[in-house]
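S.K.: In the order they appear, the protein sequences are chains A and B.
Residue numbering for the first sequence follows the working numbering, starting at 1 and increasing by one per position.
Residue numbering for the second sequence follows the working numbering, starting at 1001 and increasing by one per position.
There's no promise every hint is true.
As the list claims (entries may be wrong) - Reference excerpt, derived from the structure (chain A facing chain B, CB under 7 Å, subset only): (1) 173; (2) 184; (3) 185; (4) 264.
FYI, nobody ran anything at the bench for these hints, they're computed from the structure.
Glycine residues also receive a C-beta, built at the ideal position from the N, C-alpha and C atoms.
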Amino acid sequence: MELFFYALISGILYGIFFALVGIGLNLIFGVMRMVNLAHGDFIMLGAFGAWLAYSKLNMNPLLAIPIEIFIFMIIGFGVYYAFVPRLSKSRDPEMLSFILFFGIAQIIEALAIFAFGNNQKSIPFSTLGKGSISILSQSIPFSWVVSAAISLLMIGFVYYYLYFTRTGYATRAIMSSPEEASSVGIDVSKISAFAMGIGLSLAAIAGVLAPFMIGSIDPSIGASLTTTSFAIVVIGSLGKPIGTILGGIIYGLAMMFMQTYLASWTNLVPYVILILILLVKPSGLLGKKVRNA
Amino acid sequence: MSPKEILKVENVEKRFGGLKALNKVNLSVYENEILGLVGPNGSGKTTLINVISGIYKPDAGKIYFFGKRIDGIATYKLAHLGINRTFQIPKPFHGLTVRENVEVAALYSGKQCLKSFFKHLKNFKFMEKGYCNIEDDVQTAISIVGLDKLQDKQATQLNTSEQKLLGLARALATKPKLLLVDEIAAGLNQEETDKIAEILQTLVKKSISIIVVEHLMHFIHKITSRVVVMDSGSPIFEGTLEQAANDKRVVEVFLGG
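Isolated chain A (complex conformation) (with noise of 0.2 Å):
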């Protein structure tokens, strides 16, 4: 019983962080309908600037995530535009994205290791708070609850986004039908733009997590961090970014109760979950038809 607890405790804080890890991507894909292959690697790309703030500033790597969060906006709008509008006006634009954004992986961890090395890189857990706290009687980590609760604070901003702001409304609009929304006067371009801002920033944050979630981080953690983030998608529901947290939180659990009870499994977890869901229910188990909708 102290093995399930430790477990549920554990798999709930982790899902929550998951949940961050996929929800970048899910957003790109509900405004843009295109699947950001490269989306891990911005994780990956996260961390090490998390683990730069840590060793070469010596700044607490949560300071990083203001900072990250100003570039990656950045970076989203100067994607966005330099390949976005060209794919949609092409004949098969998901599928072209596809290979668009595997190349854009595959640059990004060429550079990463050209920058950073090979070697794995770590940060103490202790940065984010020492020892333990207690939970049910379970002691976790203090920098799980932090992680977990500044997760938390990011899916919350995204709701907050989503459902309350101008934009946000924009950005919904959007998700449904492109042609519409700009018919009722919103520029659909510069929204989508500030979506893939947005959603790369959320990735990179989630980097900024993950050295004390996943712990050491190299260069090619980028490709297995994608794959987990679609699955996360794929669970919750694509093209619905607030699905998310639904899938993150299975995945979690799944993940930690395979630990527990089956270490050496532990890393079929997000591939079966996958193919589960993708035979059992396409749409995710929140989902609505996302192609025809």
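With the hints as your guide, set chain B onto chain A.
M.R.: Relative to chain A, chain B alone:
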């Protein structure tokens, strides 16, 4: 005094690959009129609507709106200028209620927002959707089309005729001066069609000019003062519907000679 011309289409051409969808189209719309655009399938009616509303860029020719060149201007900017449209197949914004659908349109119509934006900025409420003082516009648009009772429903739960009315309300919330109505009566029953005809007639009294694309002749007959008949991408006739019925070329086009 002749009525004021608000839209002028001059020698507009549009090609899709080898197909000339619009060939030297000339057309005028005057203040406070409903112009009917009729013609067989594939005659270029919807293409012309798409060109005027900025979805397609014309390959040649000019379009003027209140004397200002507008061809090639992005759709969202045209909505700000006062040209709006409804779509053949209505696609309300899903996940939003009926009222929210109309609110989005009012929020982004490009009018009267800036002043109250700064007012709300002082109160730190600038992120909220309420800063535009749009509530009146929204309610007016909803009640013109008669969706008052359904305004808290999810837009996707409406039936086809209600979704078409919602499309109309959304367009009205942007305060258009020219409204392009693309096959709004198709697939509706007599009663629903009559209701829409009535709504369009009230809009003209509010100084909104309308172009109606439609196949249903009794609907066109009821509301339009003037029709333009299109065939293979060009207008072949302009006048009243009665005159059109007696025109040899028009009869040929519709009955295949």
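S.K.: Each hint needs a verdict: does it hold in this structure or not?
M.R.: Status of the hints after comparison with the structure:
{"no.": "1", "hint": "173", "verdict": "holds (5 Å)"}
{"no.": "2", "hint": "184", "verdict": "holds (4 Å)"}
{"no.": "3", "hint": "185", "verdict": "holds (4 Å)"}
{"no.": "4", "hint": "264", "verdict": "violated (42 Å)"}
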